Amino acid sequence: MTDKIKIENVDLFYGDFQALKNVNMNIKENEITAFIGPSGCGKSTLLKSLNRMNDLIEGVKITGRILLDDVDIYKDMDATVLRRRVGMVFQKPNPFPMSIYENVAYGPKTHGVKGKAQLDEIVEKSLRSAAMWDEVKDRLKKSALGLSGGQQQRLCIARAFSVNPEVILLDEPTSALDPISTMKIEDLLVEIKKDYTIIIVTHNMQQATRISDKTAFFLVGEIIEFDETERLFSMPKNKKTEDYITGRFG
Amino acid sequence: MRNRFDRELDTLNLELIKMGSMIESAIEYSSKALINQDLSLVKKVNELEIEIDDMERTIESHCLKLLLQQQPVASDLRIISTALKMITDMERIGDNAEDIAEITKNLVNQKFIKDIVHIPQMAEETTGMVKRSIDAFVNKDKKQAEEVCRSDDIVDNLFDIIKEELIEKIQENKSNGEQAIDLLMIAKYFERIGDHAENIAEWVIFSITGEHKMP
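Just so you know, the sequences run in chain order U and A.
Basically the working numbering = 1-based index in the first sequence + 87.
Basically the working numbering = 1-based index in the second sequence + 1011.
Don't read these hints as lab results, they were simulated from the structure.
As the structure is a computational prediction, the values presented were derived from the model and not from experiment.
Mixed in with the good hints there might be a few duds.
[Said to hold, decoys possible] As a list, the in silico DSS-like pairs of lysine-lysine whose alpha-carbon atoms are at most 27 Å apart:
1. 326/U / 1153/A
2. 324/U / 1224/A
3. 326/U / 1096/A
4. 1142/A / 1154/A
5. 1151/A / 326/U
6. 326/U / 1154/A
7. 324/U / 1154/A
8. 229/U / 271/U
Using the sequences plus the hints, can you model the full thing?
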């Protein structure tokens, strides 16, 4: 499998505070990569750097290179193009205050898709990919805010699908969901990885072991260990990883 | 951190030590029952075997509870999976001791065709292997576990010596055959006990290194 994303010597500062320290890693295409680590370790910062969400924060300085298909996303790619190719789903479901249909159609519309038939097709395909078409097909015009938390989160995933991205970033996507909604999203991610490259930040170790192919453990802005998930959770090489995953950290 | 889980692991260690000591007693009694031709020791082995089975259930349910509640990973997961594998071999040793005691019942009123010298040595050696393998588990001592694996060769050699001697006895006098076969079976059960003790030590090595010993 090819390297979809290459992260080379990345340092990131919020003002004087260094949030990422010389991060190097390659993310394979069609795999699920999990980022784990205690709060404040830099995992979400790195995730946000991958579609330049950090550009929106004042005082951020980033050095090193992040390449998507060997193109430098900070130097040689427009942020709008990048964010179409690299979608993001957040911890808290954030549907727009509009209908289910409009939530999914919003992205394609802003990217210039106008025909109703084409939008209908995108909406259905995206909702099917997010395994919720059958649940909502009869109430597409209803407000997305009336959906359950788990459905709202899957709608946000459908919304990410709608612009046909290549990479999907998820920042603790199931931390606010019940076990059944969590299981549906986990099954969904495993199902769709054949078509996408997925990176997930999670505090749930079992979730990382259940769905990810590789796991990276972060601590105070550094990658301590990055390995096959099964290996990292059964025979971690670094004592800090062992201490963290077995709950003896600190 | 994880005080409760660490305390549970300490309890698990104590349970394994207790089961190990029951097994050592069962091996010792089965050997002494034979040498002293003592039926009361046969009965003790039978009683111990029941207690060993109960202890296996207790440790098994403790391990399953820890898997369920703590969802262990890395070395914690290896420790619990190793404990689950160890108790299976430990329980089999209890069964083997009982098998020895059963055969001994046939022999209590017979005059031995030879001095019983090597069987007690096998009992002593295997008792030591069980004790040291459990110590190695509790102390996470890979070197000690490796020594246990090597000790199995001593047990295997003793079995070969006994076999040769018994063949000679049968050749001397065909009427020695029946007792010779009983003694050979007893020696074979001790040899199997050695194999189970070696298995335990191999699991201990796995719990420490994460890798199985190459055959």
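Would you mind confirming whether the straight-line C-alpha gap from residue 326/U to residue 1154/A stays at or under 27 Å? Holds, at roughly 21 Å.
Within a Cα-Cα threshold of 27 Å, do residue 1151/A and residue 326/U meet the stated pairing? At roughly 16 Å apart (the allowed maximum being 27 Å), residue 326/U and residue 1151/A satisfy the hint.
Taken at face value, is the distance from the CA of residue 1154/A to the CA of residue 324/U at most 27 Å? holds, 21 Å
Given pair status - residue 1096/A, residue 326/U, alpha carbons within 27 Å: holds, 26 Å
Starting from residue 229/U, check that the Cα of residue 271/U is at most 27 Å away, please. Measuring from Cα to Cα gives roughly 22 Å; hence the hint holds.
Does residue 1224/A sit within 27 Å of residue 324/U, going by the straight-line distance between their CA atoms? holds, 19 Å
Agreement of residue 326/U and residue 1153/A with the hint, judged by alpha carbon distance not exceeding 27 Å: Distance ~18 Å between residue 326/U and residue 1153/A Cα, so the pair holds.
Taken at face value, is the distance from the CA of residue 1154/A to the CA of residue 1142/A at most 27 Å? holds, 14 Å
Hint compliance for this structure: no hint is broken.
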